[in-house]
Amino acid sequence: MDKSNSSQLQETSDTKIQKVQHSPDQEEISKKDESKVQDDPVEGIQEHGSISENINIIRKLQFGRYEIETTFSSAYPEMDDKVPNIYVCEFCLKYMYLRTSYSYHLSDCKIRRPPGSLVYRKDDIHIYEVDGNKELLYCQFLCLMSKLFLENKETLYTPNLFLFYILCLKDKDGEHLVGYFSREKKSTPNINLNCIVVLPPYMRRGYGKLLIDLSYEISRKEGVIGGPKKPLSEVARLCYLSYWGHNLLELLRRHSSPALIAIEQLSETTGFLKKDIMLTLKFMKIATYYKDGCTMCTTPSIIENRRRLVKFKKPRLIIYRNCLAWKTTTAEE
Numbered sequence: 189m190d191k192s193n194s195s196q197l198q199e200t201s202d203t204k205i206q207k208v209q210h211s212p213d214q215e216e217i218s219k220k221d222e223s224k225v226q227d228d229p230v231e232g233i234q235e236h237g238s239i240s241e242n243i244n245i246i247r248k249l250q251f252g253r254y255e256i257e258t259t260f261s262s263a264y265p266e267m268d269d270k271v272p273n274i275y276v277c278e279f280c281l282k283y284m285y286l287r288t289s290y291s292y293h294l295s296d297c298k299i300r301r302p303p304g305s306l307v308y309r310k311d312d313i314h315i316y317e318v319d320g321n322k323e324l325l326y327c328q329f330l331c332l333m334s335k336l337f338l339e340n341k342e343t344l345y346t347p348n349l350f351l352f353y354i355l356c357l358k359d360k361d362g363e364h365l366v367g368y369f370s371r372e373k374k375s376t377p378n379i380n381l382n383c384i385v386v387l388p389p390y391m392r393r394g395y396g397k398l399l400i401d402l403s404y405e406i407s408r409k410e411g412v413i414g415g416p417k418k419p420l421s422e423v424a425r426l427c428y429l430s431y432w433g434h435n436l437l438e439l440l441r442r443h444s445s446p447a448l449i450a451i452e453q454l455s456e457t458t459g460f461l462k463k464d465i466m467l468t469l470k471f472m473k474i475a476t477y478y479k480d481g482c483t484m485c486t487t488p489s490i491i492e493n494r495r496r497l498v499k500f501k502k503p504r505l506i507i508y509r510n511c512l513a514w515k516t517t518t519a520e521e
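Under the numbering used here, the first residue of the sequence shown is numbered 189, with each subsequent residue one higher.
Just so you know, the hints here were simulated from the structure itself, not pulled from any lab data.
Hints should not be assumed to be uniformly reliable.
Claimed, not checked - Simulated crosslink set (BS3-like; lysine-lysine; CA at most 30 angstroms straight-line):
| # | residue 1 | residue 2 |
| --- | --- | --- |
| 1 | Lys270 | Lys282 |
| 2 | Lys360 | Lys417 |
| 3 | Lys298 | Lys358 |
| 4 | Lys409 | Lys282 |
| 5 | Lys310 | Lys358 |
| 6 | Lys282 | Lys322 |
| 7 | Lys418 | Lys360 |
| 8 | Lys470 | Lys310 |
| 9 | Lys282 | Lys373 |
| 10 | Lys418 | Lys515 |
| 11 | Lys463 | Lys502 |
| 12 | Lys417 | Lys463 |
| 13 | Lys358 | Lys409 |
| 14 | Lys473 | Lys463 |
| 15 | Lys502 | Lys473 |
| 16 | Lys374 | Lys515 |
| 17 | Lys282 | Lys298 |
| 18 | Lys282 | Lys360 |
| 19 | Lys515 | Lys462 |
| 20 | Lys502 | Lys418 |
| 21 | Lys463 | Lys358 |
Stated by the list, open to error - Derived Cβ-Cβ restraints for the label pairs, each shown as a range:
| # | residue 1 | residue 2 | range |
| --- | --- | --- | --- |
| 22 | Cys482 | Arg442 | 30 to 38 angstroms |
| 23 | Ser305 | Arg408 | 14 to 22 angstroms |
| 24 | Ser291 | Pro377 | 19 to 27 angstroms |
| 25 | Lys409 | Glu452 | 19 to 27 angstroms |
| 26 | Lys409 | Tyr292 | 38 to 46 angstroms |
The structure displayed is predicted, hence computed values, not measured ones.
Virtual Cβ for every residue (Gly too), placed ideally from N, Cα, C.
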């Protein structure tokens, strides 16, 4: 996960969220032009130059019942008439530049869930694994929308190289996209997450850490020790440190002699990379670093003190292993 703005992990972003506010239609754009860019959105981007050259500033995204202020410049293909808003179907992710087109599409669209395989189901939380090669158009649409909140462009032009784990909330109307993380299919084994996004309306509800938890559960099923691609943004780094810290403190709390436990043992038990564990121990100020390693310097009382800190509190949501249907063959088929 490349270094980016705080929007990279939207769970802790302060992007303003507003309920839908109807406004007059923008200037009429030909349906012919709209349909053209829908056929191959990535080709449309390339025809209009790189993202840095794109001056089509989209300020608001209409997504389901939410009107969301954007953070980064648009990666959507430019239209002849510049428009400040874009409308995206929350089920198929098709995008439109006119509210009238959007309203017509909503009345006609029959899709109510992401494509791919359902790999996790717990109450109203459903997570799908989507192969970017098999569902290329859907994943292109997903990456285009995410670019409004994410500086990372890694998946934008090559979604076929990634698997996407898409988190949805299910209700009577369908399965509403909350966020996702991507994972390169042929990356080094110890990278279990390339990019993570939680949409602003769902921030601060624990969904980011839930996706992080899933990335580690998949690594455990694969029998590998892993972690996110680096460098991390500052917000993503703090979120991971909170997640790592809570899990390490719980493990140390149960150990009879926490000061004597080895980093290798912590890594094997948690599935976290040793360098991530060492970084977290230093962040929690319960380890002293030397040139050739580190020494734990903690006691049960220090551990309890750290556990009471808000930043190391128990995650609101976790992955229940009995609800996880992911298999190694899922990603290989």
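Enumerated hints in conflict with the structure, sorted upward: Hints 2, 4, 7, 8, 21, 22 and 24 not satisfied by this model.
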